[in-house]
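Chains A and B, in that order, are what the protein sequence lines are.
My numbering puts the first residue of the first sequence at 97, with every later residue one more than the last.
My numbering puts the first residue of the second sequence at 8, with every later residue one more than the last.
Calculated directly from the structure, the hints in this document are not laboratory data.
Among the hints, erroneous ones may be present.
Stretches of chain B that chain A covers, calculated by requiring three or more beta carbons in the stretch to come under 8 Å of a beta carbon on chain A [to be verified]:
id : stretch
1  : 213–225
2  : 512–519
3  : 767–776
Computed list of lysine to any residue pairs in SDA-like fashion (alpha-carbon distance at most 20 Å, straight line) [what the hints assert, rightly or not]:
id : chain 1 : residue 1 : chain 2 : residue 2
4  : B       : Lys710    : A       : Gly115
5  : A       : Lys177    : A       : Arg248
6  : B       : Lys74     : B       : Ala32
7  : B       : Lys74     : B       : Val141
8  : B       : Lys652    : A       : Asp221
9  : B       : Lys401    : B       : Lys710
10 : A       : Lys124    : B       : Lys401
11 : A       : Lys216    : B       : Asp716
12 : B       : Lys37     : A       : Glu187
13 : A       : Lys177    : B       : Ala32
14 : B       : Lys769    : B       : Asp649
15 : B       : Lys37     : A       : Glu174
16 : A       : Lys242    : B       : Tyr615
17 : B       : Lys652    : B       : Lys779
18 : A       : Lys216    : B       : Arg654
19 : A       : Lys177    : B       : Pro38
20 : B       : Lys410    : B       : Gly426
21 : A       : Lys106    : B       : Ile46
22 : A       : Lys224    : B       : Ile656
23 : A       : Lys177    : B       : Asp532
24 : B       : Lys37     : A       : Ser173
25 : B       : Lys710    : A       : Asp221
26 : B       : Lys779    : B       : Ile656
27 : A       : Lys216    : B       : Lys410
28 : B       : Lys358    : B       : Lys450
Even for Gly, the Cβ is constructed at its ideal location relative to N, Cα and C.
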Amino acid sequence: MKVELTVNDKKFSVEIEPGEMLLETLRKLGYKSVKHACSTASCGACTVQLDGKAVLSCTTFTAAADGHEIKTVEAFSENGKLSPIQQAILEEGGSQCGFCIPGLVVTAENLLDENPDPTKEEILDNLKGNLCRCTGYESQTRAILKAAKERREK
Amino acid sequence: MSGKVFTEEKMNVVNTSVEKVDGKALIQGKPVFTDDFDIPNSLIVKILRSPHAHAIISSIDTTSAQKIEGVACIFTYKDVPRIVYTRAGQGYPEPSPYDTFVLDRKVRYVGDAVAIVAAETEQIAEAALKLIKVEYELLPAVLDYEHAMDDGAPIIHDESEISGAYDPRHNIAEHYEMKVGNVDEELKKCDFVVDQTYYTPNQSHAMMEPHGAISYFDPNGRLTVITSTQVPFHARRILKRIFGVNCRVIKPRIGGGFGGKQALFVEPYVVAVTLKTGRPARCIYTREETMTASNTRHAMRFRVRVGAMRDGTLRAIDLWGLSNTGAYGEHALTVFMVSGSKTLPLYNKVKAVRFGGDVVYSNTEPAGAFRGYGAPQGMFGLDTALDELAREMKIDPIEFKLKNSIREGETSPVFKIMGEGREGVDEIIESCKIEECAVEGAKLFGWYEKIKRPRIDLKNRVAHGYGVAFAMQGSSIPMVDMGGATIKMNDDGTFNLLIGATDLGTGSDTILAQIAAEVLHTTVDKMIVYSSDTDMTPFDKGAYASSTTYVSGNAVKKAAEKMKEEILKAAAEVLMKSPNYLYLEDNCVVSGDGKKITFSELQTKLFYTFNQRQLQVTESFVSEVAPPPYLVSFVEIEIDLDTGKIRVIDFLDYIDCGVTINPILARGQVEGAVAQGIGMALFEDHIMDKNGRMVTNDFFTYKIPARGDIGSIDVRFAKSYEPSGPFGAKSVSEIGLDTPGPAIANAIFDAVGVRMRRLPIKSEELFFEMKKRGVI
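Please build the complete structure, drawing on both the sequences and the hints.
Here it is as structure tokens:
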């Protein structure tokens with residue numbers, strides 16, 4: 097079947113297999129930032145925004161995204177300029193191997209859109225579905241608090 | 008060397024938190040990982056895995072599977088070279104036994120490879136897997152490693168080709184023992200003795216990026232392997248052993264390794280397919296395969312005996328262990344030895360010490376290298392036992408451990424006795440700030456105020472406890488590990504830094520660039536790093552044994568110093584000055600009388616108009632010592648008295664890792680290791696069914712710490728300078744994993760008086776122990 101997707105403001109008409117997951121479709125389209133890490137909705141590395149809400153693309157049928165707007169991490173750094181969240185993660189050492197980072201950024205952007213001034217506890221709670229094995233989370237929490245402040249002051 | 012004071016070199020780039028050189032690409036989600044490379048016309052490789060823990064393949068029929076359109080090839084044990092090897096990516100000759108084949112007629116754990124399928128698509132490959140007909144002759148299995156050496160236990164490795172294993176007929180992969188003095192005699196003289204047994208689990212690395220590799224012939228017919236590995240040069244060497252072919256191994260960015268990628272899992276499968284078909288082949292493991300069919304930490308049991316005199320003098324240590332290497336012996340001997348070699352020297356004042364035991368095969372997932380490499384296992388037993396001893400003697404555990412620990416200018420006979428699967432090297436400690444770590448850490452944590460507080464609050468149904476643990480690690484494997492670095496000067500004022508060193512997310516590309524930039528009076532953005540490509544970069548042992556900062560860092564420093572000499576020599580010719588009157592400053596060569604030439608001008612002249620040559624140098628470094636970093640950790644926990652739930656509130660690491668080349672990256676290494684250590688201490692537990700199948704095969708069933716599970720982690724660095732390290736640095740990546748286990752166990756005892764001697768410490772077990780002892 098054929099579906100119409102808008103990915104990072106770009107329109108695609110894609111032929112998909114029955115049962116195809118959004119993760120597969122996006123990677124086929126070249127959005128390699130969307131990661132295969134568990135494929136069972138348990139780690140958050142495949143998170144994208146669907147109409148502005150963070151969803152796990154490994155368990156979202158592509159057919160369900162027909163006609164909807166998708167944002168991957170690529171949408172948040174235009175022409176190589178990092179978003180405040182990305183910049184803060186870089187500065188605070190919140191990205192080590194970087195594999196979980198696209199999913200984390202997409203989720204954190206969603207969080208700060210909805211809650212521009214989150215507490216540390218709200219960050220931990222809201223992002224608990226995004227696993228990271230490298231950092232111990234401390235630096236990422238520092239980064240998101242810092243980015244939230246910067247976004248508010250903008 | 009004793010009492011060496013901290014030398015404050017004036018540094019421009021080192022000891023600053025520059026951003027990671029690969030950071031921007033990673034944060035933007037650029038296609039930089041193995042799975043992100045689309046090689047046209049690739050075959051997809053899938054592995055048929057054994058459903059049985061121990062069996063002989065009595066027949067295997069691939070006829071129907073072969074018939075599916077789109078299946079390119081299927082290999083069984085009959086079709087691949089029968090070359091025995093070890094998957095452990097170690098220096099050569101490897102200290103691990105040769106006990107593995109790409110495919111074998113015998114399967115030794117649930118998940119062992121039975122057949123390799125290559126097809127046009129993943130769906131076709133999976134359909135083919137289902138059509139391979141295998142009949143197994145089931146054998147009795149060893150699922151509990153504590154019974155691996157029992158009389159009549161099934162023999163796991165009866166192949167004739169096995170070599171380097173200690174006694175495979177009795178499932179003993181390795182055996183080791185050492186002693187200094189007589190522990191039995193010394194323990195008899197002690198006023199206090201603790202004799203207890205401790206267990207640590209088969210923790211999974213659970214790196215976010217699953218294992219994966221791609222292989223193809225480049226246009227000139229050079230076999231090329233892109234793989235998520237910590238050891239590209241060892242991978243190349245081992246692939247040559249198996250297939251007899253030369254190849255190029257490229258390590259792209261790696262999505263975490265923690266030792267899990269210091270072995271070859273996927274590479275032989277794709278290479279077999281490419282060699283047979285001539286086509287590119289890719290194999291990316293699922294999470295389930297990564298969890299069940301790669302490596303875990305070696306589960307260990309240690310009987311620990313420690314004895315001390317009434318005045319708090321530690322007199323003897325005896326560690327006797329049993330380690331489970333699972334179905335194959337990757338890193339079997341060396342991990343076990345590190346349980347002693349990276350723990351015992353910390354308490355160097357004892358009169359007698361003994362260490363030994365067996366590493367056994369069992370029909371479980373093979374164990375391998377995992378951050379800490381045995382030290383977390385050994386230190387859980389040793390530090391907890393010392394805590395028990397201190398409590399029995401009514402001495403503050405900090406005071407007791409500090410009093411008996413090593414200092415600058417001292418040594419331990421263990422350094423010489425225990426090396427990498429063989430004898431080690433003598434070492435005098437030149438930097439050790441463990442006293443600062445303990446004293447300043449205790450102040451910062453508020454230890455002496457906190458321990459005055461009441462622990463059990465029956466009204467609110469909670470208890471609080473405070474624990475402390477000490478640790479050491481090493482920096483490299485001395486006289487074994489070698490790192491190389493090449494620096495090439497460009498006419499645009501940049502340098503290429505070519506290093507074999509393997510950045511797996513740790514930031515080594517960045518800190519090595521900092522070291523080179525420091526020497527060459529330039530900045531990190533002028534240092535263009537290419538790493539870990541066996542055809543392009545000099546050799547490096549790879550990322551393990553806490554060696555990259557120290558060994559590769561020293562190699563880079565040597566290369567940069569050589570480049571500096573070359574630059575001065577060339578500039579002297581151009582400026583017609585003696586090199587002695589020249590120095591480097593801000594990307595220029597400057598002479599005493601104010602003459603100046605930029606690096607860019609210099610190399611441009613050398614390219615086109617003057618004494619024409621390319622400035623390029625290569626240097627190598629092997630260390631004669633492995634200076635340990637030191638760590639004192641403090642933890643506050645809270646226990647829910649109604650459920651036994653344990654919550655880490657605050658974790659403080661006070662660490663001596665020498666000078667931090669990049670403080671933020673160093674802190675990240677420690678924070679990450681602490682989180683993994685807390686996981687090992689409290690959450691991460693593998694469960695097997697009665698047939699040996701690991702049922703904890705995803706992130707739902709195998710619980711790694713999530714956000715909010717680990718309280719807050721604080722990291723402080725002692726002021727320290729290691730004279731043999733690059734700009735005073737020692738290692739930092741592994742040591743943080745050694746302390747959470749004992750610190751938390753000690754804190755639980757402090758809170759409720761219950762000793763938990765098996766990790767992970769489960770809430771329900773603590774609850775029933777508290778009940779049994781009448782705490783609740």
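ask   = Out of the numbered hints, which ones does the structure contradict?
value = 3, 4, 6, 9, 10, 16, 20, 21, 26, 27, 28
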